[in-house]
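A.B. asks: Spelled out, the chains give:
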Amino acid sequence: MKAWLILEDGKVYQGESVGAERKTVCEIVFNTSMTGYRELLTDPSYAGQGVVMTYPIIGSYGICMEDVESRKPWVEAYIVRELNRMDSNFRSEGLLRDYLIENNIPVVQGIDTRALTKHLRESGTMRGMITFGESFDREECMKEIKAYTLPETVPTVTCKQKYFVKSNGNRYNVALLDLGCKRNILRSLVNLGCDVTVYPSNTTAEEILAAGHDGIMLSNGPGDPKQNGAVIGELKKLIAAKMPIFAICLGHQLIALASGFDTYKLKYGHRGANHPVKELATGRVYITSQNHGYVVDEKSIDPAIAEMTYANVNDGSCEGVRYRNGHVFTVQFHPEACAGPHDAAPLFNQFFAMMGGKN
Amino acid sequence: MPKNPNINKVVVIGSGPIIIGQAAEFDYAGTQACRALKEEGVEVVLINSNPATIMTDKDIADRVYIEPLTTDTVKKVVLAEKPDSVLPTLGGQNALNLAVELEEEGFFAAHNVRLIGTTAETIRKAEDRQEFKDTMEKIHQPCADSLVVHNVEDAVAFADKIGYPVVVRPAFTLGGTGGGIAHDKTELEEICGHGLQVSRVTEALIERYIGGWKEIEFEVIRDGAGNAVTVCSMENVDPVGVHTGDSIVVAPSQTLADKEYQMLRSAALAIIEELKISGGCNVQFALNPNSFEYAVIEVNPRLSRSSALASKATGYPIARVASKIALGFNLDEIQNAITKKTYACFEPTVDYCVVKIPRWPFDKFVYAKRKLGTQMKATGEVMGIGINFESALMKAIRCLETNIYSLRMKEVMALSDEALAQALNLVEDRRIFVIAEALRRGYTAKKINEITTIDLWFIDKIASVVEMEKQIETDFSVETLRRAKLLGFTDKVIGEICGKDEDEIRELRYANDIKVAYKMVDTCAAEFDAETPYYYSCYESENEVDPATDKKKVMVIGSGPIRIGQGVEFDYCSVHSVWALREAGYETIIVNNNPETVSTDFDVSDKLYFEPLTPEDVRNIVELEKPYGAVVQFGGQTAIKLCEALDKMGVRILGTSAANMDKAEDRELFDRILSECEIPKAPGRTVYTCDEAIAAANEIGYPVLVRPSYVLGGQGMHIAFSDKEIREYIGIINRVHQDHPILVDKYIMGKEVEVDAICDGTDILIPGIMEHIERAGVHSGDSISVYPCQSLKKEVQAKIVEDTRKLALALGVVGMINIQFIVKDDVVYIIEANPRSSRTVPYISKITGIPIVKLATQCLFGDKKIPDLGYAYGLQEEKPTIAIKMPVFSFEKLYGADISLGPEMKSTGEVLGIAYTYEEALIKAFVGTGIRLPRTHKIAITVKDMDKEEVVPIAKDFVDLGYEIYCTAGTSRYLSDRGIPNKVVKRIEDGKPNYIDMIINNELDLIINTPTQGMETNRDGYLIRRNAVECGVHCFTSLDTARALANCLKNAGGVDLGVIDIAKI
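For the record, the sequence lines run as chains A and B.
Heads up, the first sequence is in numbering that gives the first Met the number 0, so the first residue is 0 and it goes up one at a time.
Heads up, the second sequence is in numbering that gives the first Met the number 0, so the first residue is 0 and it goes up one at a time.
Keep in mind that a hint or two might mislead.
To be verified - Counterexamples of contact, computed for chain A against chain B with all Cβ distances above 12 Å: (1) G192; (2) D296; (3) P302.
To be verified - To give an idea of the interface, some chain A residues facing chain B are shown, with a C-beta separation under 8 Å as derived from the structure: (4) D66; (5) N88; (6) R90; (7) D111; (8) R113.
I should point out that these hints are in silico values taken from the structure, not numbers from a laboratory.
Please read these numbers as outputs of a predicted model, since none were measured by experiment.
The C-beta atom is built at its ideal place from N, Cα and C for all residues, glycine as well.
Could you put together the complete structure from these sequences and hints?
C.D. replies: Below, the structure written as structure tokens:
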């Protein structure tokens, strides 16, 4: 079956449908990771987005539930050069294709993904439609694309109820606010010996504070940070409570917004496993996993309140903030990796040490 | 950190001659590094014995010492140049070993020289087996169970403990020389005994066998501040057990999920951090295919073959970045030269797939064992880039230039089912073709995976190619054609399968708009706009090449993989031609596919097409770029072979025309021109069949030289003494598919002389005349070549110049011509003429200071003549220096290959000896090839009857030098009768201790053994020669080489060797 990707600027790419034949409109972004599709597909931060893989052969090592980062794939559509027809890996439980079909994800293969990526790089992230069949009604499609607005996605991806995860260490008791949390954030905390209570995004500050945690972790998550007004309101109260807070990605952006700083949308985002980030205090550079379309505006950071701690080596954009109150630090990149390099994993230890400082 | 202000003058140590395990990659790394150093205002002093390299040009380094790579040389250069630093990480294992030796000796400290790029401690930690093991244990990196041994008994005891099979890895050797897998005690004794002998420190590692595990490599780079990135991961298609240099390698890794990938990446970073390397490093892992269990196999704390491949596979210039780090820069201060927007401190990500295939010399060494193991056997490699594995693989196969364009190898397809089943069990160079054939005959992928342990993923990819073959055959349609092109099938192969003509397929393709597109290698998968014009082809929708330019475009055809007969010297010529063209204002396009070379570096030409060198692949580029013309005379036979096709495409061949090229190759045309020019030549005939060859030989009279036309490096060339031998040889020649006729010539035994000349269409320039030490019959590439000629009378030289002039003009040469002559009784005969650049051009260029390639390139357009370029016509004045080019062989790596010299070229590389006297130059060249004499003062001489008289004075010379001579009975009697004292050593069949025992016990300095002529394998002689080469005993099979050695030992044996900066010549 023919599949079509129609972009909001009128560009059309023809491919072949190899997934669910479900017509959809979403934001089209590209990811440059060469490994890690299992993790990436199930990263809730991709909710509402059609992801283009720049690496041309996807699916080579099958699918494996041990490696997924949440309960299901969240990408709205998947666009690849070639979906590998077989899987070869000792942990593979089945073909990626079957997994995507089971989860009703449209998949298009055979598109010149490099041409598409270049176009997105030049023209910026944009909306697009995936549709199927011998032909399509161009005008009708454009109308639908134009009518599409980015939905508020955090409520969709967060857990429905709070839950508790016990560790073997039992050293600290951490609240994890799930804004679309990747499992490896939870796993990283548990492995350090933290008992973790995971809260839905709409939990009030009072509820969290009343539970008597040693620290608060804010997760990654999808969408425009400014869509999360209610969460930001609660965060202001959490910051004021002088609890140790560590935030990643969307969490990092929301803390910035709660502190009166601003965020803006990057032209085509940072999505990949090779982004160099410089720790400004030491000059050390770490290779990090990234997935974000929005970024904290460095110029909006009030030096009386906070300072930028990490910068992206490629474009200089803000990758981390430390707050002068001494108990809040946040990063834009993903120390929990999955997919991607583990170079920044020691940041969890930093959070761990900060909670120790409280006692 | 910015540049260290205390580093201003750096000695860079090169890697020496090309041998198996050490090819052009170090010229690439060294050249890129020297340029990076000079960019920072550092004065570069270069030491390398290999004259065919680009790095030894005075445009690349400020001071150039083409000297033997010994501690003595490095010391003398340091004393003469007073550098502040030495950079040893660019010259492979040789350079590292030299650096460690001098550092341990305290020489560097005593002369205020620092090692940069590494430390002696780092090298020891990575190279010394025990220290390496301890270091890995310290940082919890698993290694396979292993023990360092210094004798065979300990090895056997350890193997008894951990169980067979075990792997033997000798320490401080190159390319895993002498290693192997032992399945029982007898094998272990044999392999370990040999391994200890070749190890510089008589040390070997005995290790648990992990054959069948995945072999994964990471290229890592770290700066002085501790920032580290991985440049590229690579996965060997052949699992652990085959040397990575002999494995088909794919980049990036294909079968690892992110968890495994990140586990190994983190391990690689932990290792480079612990070793505190400031620069590049290669880490090899074995990964259990059924678990997360892994083992660190090896760490190379330097630039390597893999780093060259990683650089070309990603576009990340590792040598350049490593050199900047050595100067003190940090990764985030070094700009990414590809994007010019980002920095070196990031990890390249690719949006294509790369396949490397080794180029093996089994076409040359038909008797060598094709089995692949831990001993590397390939001389070079090729790389294919595609948007899928299949097309990258098919491109790489085409790049090999073995007349095979796909996975269809005729000889494999002709195997019986039984033979195929057997072949599938062999680990040989043809394995990938055997797998394809097995799939064609109904083997399942699973079954093949069980037999070969090659990952199912790769087998399935081969299966997809085989399925496409079937579809082309049974269900050919436009849609099939479209899909076949996507998988990398050429029109020629598609046509062959579906019974159509290549041109017909192409027209069908064009009619349906199935056309090639070119994509850029940009290090970042299009995330950033890149400026590097480095392209590969694919069948995709968007073409990224903009052919528009206001300059005239010239396409230079490269020389493909390094192989015997076509080495780095042709890359030297291609690169210099490109530089000359750029200087003259042309836009240059290079087409080549060898990842080890300078020509495929991203900034050598204006545009680089990393593509196979076949007519179809080149046509695609031609149709897009529409170049003004193409240069074919610098890319060896690879480029010459494309001449006709380019001509047919309507591309202007710059310089000598296609028709004129053919005159030199076409026997009859050539003979006619020779007789018109009145140039004598040995009588010969052109024939097509074996019977015709025999008839011709009898007519001319034996001995005769038999060879196929259109060859390089004497491929398939033999001296035959009887009808029987002709029959046998033609059988071998026909094994390599040939479209061209066979030549039968009278063999004249005389002095061989060689000339390279530039012809501008009016007259010629000859930089110098070279004379060979070995008489005619030994391939010119295997002969010791002396400049200037030593024994030719003035009138003979004048005749050679005149013949060259007449012939060049008669052939219509514009540009380069190389001519080989035989001089016998002062009569000059021509052997052959090649209207192209030759392997002697780099060395003659360096030693005479005449930029031969540049001048020849400037002559190609016809508007400039030699006098316009500041040079006079004719033979140029002789230089006061004597330069002697000596061949270097890799026989110890090729089990079974006969080392005796003959008309078929066997050497892999060369060194140069330069001095003000003939003897000193000769001894430097011998030292450069690794000969260190005298040692035991014992020499063994066994020569065939024909040579006995001639060997007497040579034997006498060795006696005068204090040598004891050992001979087998016949030679002994002959020498004794002529008053040469000698001892008899038993032949092998006469019991022990015999000849072989003397070799194995390392008692001999030298062996002179001339093989019985002909194909009758003289078992004794063959065994002597093989044992000698495998035990590291020098063995000469030409009396001329032996005489030269005796002569120079006698006249310059104890002389203190000086060093000469050729930049000052």
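A.B. asks: Work down the list of hints and note, for each, if the structure agrees.
C.D. replies: Outcome of the hint check:
1. With 12 Å as the threshold on Cβ separation, the claim that G192 (chain A) sits away from chain B holds: the shortest Cβ distance comes to roughly 20 Å.
2. The beta carbon of D296 (chain A) sits about 21 Å from the closest Cβ of chain B, which is more than 12 Å, so the claim that it is off the interface holds.
3. Under the 12 Å C-beta cut-off, the non-interface status given to P302 (chain A) relative to chain B holds; the minimum distance is some 24 Å.
4. With a least beta-carbon distance of about 6 Å to chain B, the hint placing D66 (chain A) at the interface is held under the 8 Å criterion.
5. Because the closest C-beta pair between N88 (chain A) and chain B is about 6 Å apart, less than 8 Å, the hint holds.
6. With a cut of 8 Å, the hint placing R90 (chain A) at the interface with chain B holds, because the nearest CB-to-CB distance is about 7 Å.
7. At its closest, the beta carbon of D111 (chain A) sits 4 Å from a beta carbon of chain B; the interface hint therefore holds under the 8 Å criterion.
8. Look at R113 (chain A): its Cβ gets to within about 5 Å of chain B, closer than 8 Å, so that hint holds up.
Hint violations for this structure: none, all hints satisfied.
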